[in-house]
Amino acid sequence: MRPLEPISQPARLWLGVSFFVVFFAGWALATLGGYVPKIFLADPITMVEDGWRLLTKFGFGLDIAITIWRVVGGFVLAVIVAVPLGILMGAYKPIEAFFEPFVSFARYLPASAFVPLLILWAGLGETQKLLVIFLGSVFQIVLMVAVVVGNTRRDLVEAAYTLGSGDRSVVRRVLIPMNAPEIAEILRLVLGWAWTYVIVAELIGSSAGIGHMIIDSQALMATGQIIFGIIVIGVIGLVSDFLFKLVNRRLFPWRLA
Amino acid sequence: MSKLIVENLSRVFPGVHGGAAVTALQPTSLSVGDNDFVTILGPSGCGKSTLLRMIAGLDRPTSGTITLDGRKITGPGPDRGMVFQSYTLFPWLTISENIAFGLTEKGMNPMEARDIVAAYIDRVGLKGFENHYPKQLSGGMQQRTAIARALANDPAVLLLDEPFGALDNQTRALMQELLLGIWEREKKTVLFVTHDIEEAIFIASRCLVMSARPGRIKADIAIDLPYPRHYTLKTSPEFSSLKARLTEEIRAEAVLAAAH
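Just so you know, the sequences run in chain order S and D. Residue numbers for the first sequence follow this note's numbering, beginning at 1 and rising by one. Residue numbers for the second sequence follow this note's numbering, beginning at 258 and rising by one.
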């Protein structure tokens, strides 16, 4: 091995898969070998059986669908508010000066700490779940988009001016298309974080969803189900990440040119 | 009649963090005739780019005025096309779309724009690259596109800020001939900033030599070499004597600039 030396695509795939194998082998050895009591950690086989039972007998598919809907719903709301605001802040310094200090402060307010308040305000329904995701995502997106747009290459903006662009045209024809791939990348990142907020929202006062199943399973000491729930979230995250990358590649071919 | 008139134009940059203010350009006056090809030659940091950027409207003068075709310049506009030293093609647009950028801004209908773009693609020798992205092109090709993009807008003056500065010598020589060819055919008023003496002579009808910072115009030399010019001109005795003269003018300034 030499620093920064690239590796071939098959080798990359093979190495990536092999760690999963090592991980599951280690887990199987620890549990099936009797090193860890079953009550603390279920073995992989029990986990798969529990998962199968959840899906076939207890309608866990519906829980998954509900959780996905909450994440996507709250995230889309956040994007609708945050992306335009972030672009405006990046483009116009007075707007940035007005919002930036508050948003920077609000960014550090933990979304999970708002759960009790939100339950008080919005009840236990879907609104409260969406609000947790919204609060957790919106400030992050605003700030990151503002920074990216604010760092647009100045010479490209100047070139547009000398070609006859006005101020609004510079925003519409330079700042937005130039930074669109970066913004898409930010959304991909924040969507990953949104998944952690949804589980927190579902752990408290919820009657459906992956997080709700996990809390229920804790009462039953069903560690196999808990692990299955966690793995489902990981797989959904992986799939959404992959889809995001695929869409980005389609939307912004010039990045790969 | 003069096309572009610069009167007592100066630029002082305020000191950073309480430091002393820097005079980039001393009050400078200049008059450029219609269809002149003027090169502005000077050592680095002499304010030649600052002068050009103020004419483009990208930088505000501390004092003085700039008048183009009788109208005072207050900001950037499509009547002054600019080619930058850095590669400033829009990376998300194809070569054709880049050249059409200013035409779209004018609200020209796409059919009409397409003809103009095709003509300029042809003129800068980029046929077959219309649908490439800038990243896929070499530096020389990108700068050719940038020239086409500026010219497609039909500006009253074309401003070039060391456009070939980042190119290798051979490419640079070819680019000079290409630009010269376009100018000989289309007749445009051109201001071209460079620190390369040969370049400043070869393409210009008039060369302004700038002093070291604080910048001012030190010499105004007519380049009376016949057109159309051919690259072999660079080895002629007339060219050599001009080069010797400019080298002398610029050397003293370079020594001063290096001492700063």
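One thing to keep in mind: the hints can contain errors.
Taking CB as the label site, the calculated pair distances span [claimed, not checked]:
#1 A375/D - G166/S: 23 to 31 Å
#2 R328/D - A122/S: 56 to 64 Å
#3 A106/S - V273/D: 32 to 40 Å
#4 D326/D - F242/S: 39 to 47 Å
#5 A97/S - A376/D: 42 to 50 Å
#6 A375/D - R172/S: 21 to 29 Å
Some but not every residue of chain S turned toward chain D, in silico, with C-beta under 8 Å [unchecked claim]:
#7 Y161
#8 G164
#9 S165
#10 D167
#11 P177
#12 M178
#13 E182
#14 I215
#15 Q218
#16 W254
None of these hints come from the bench; they were simulated from the model. Yeah, the Cβ is synthetic: ideal placement off N, Cα and C, and Gly gets one too.
Report task. Find the hints from earlier in the document that the structure breaks and name them by number, from lowest to highest. Result -> 4, 10, 13, 14 and 15
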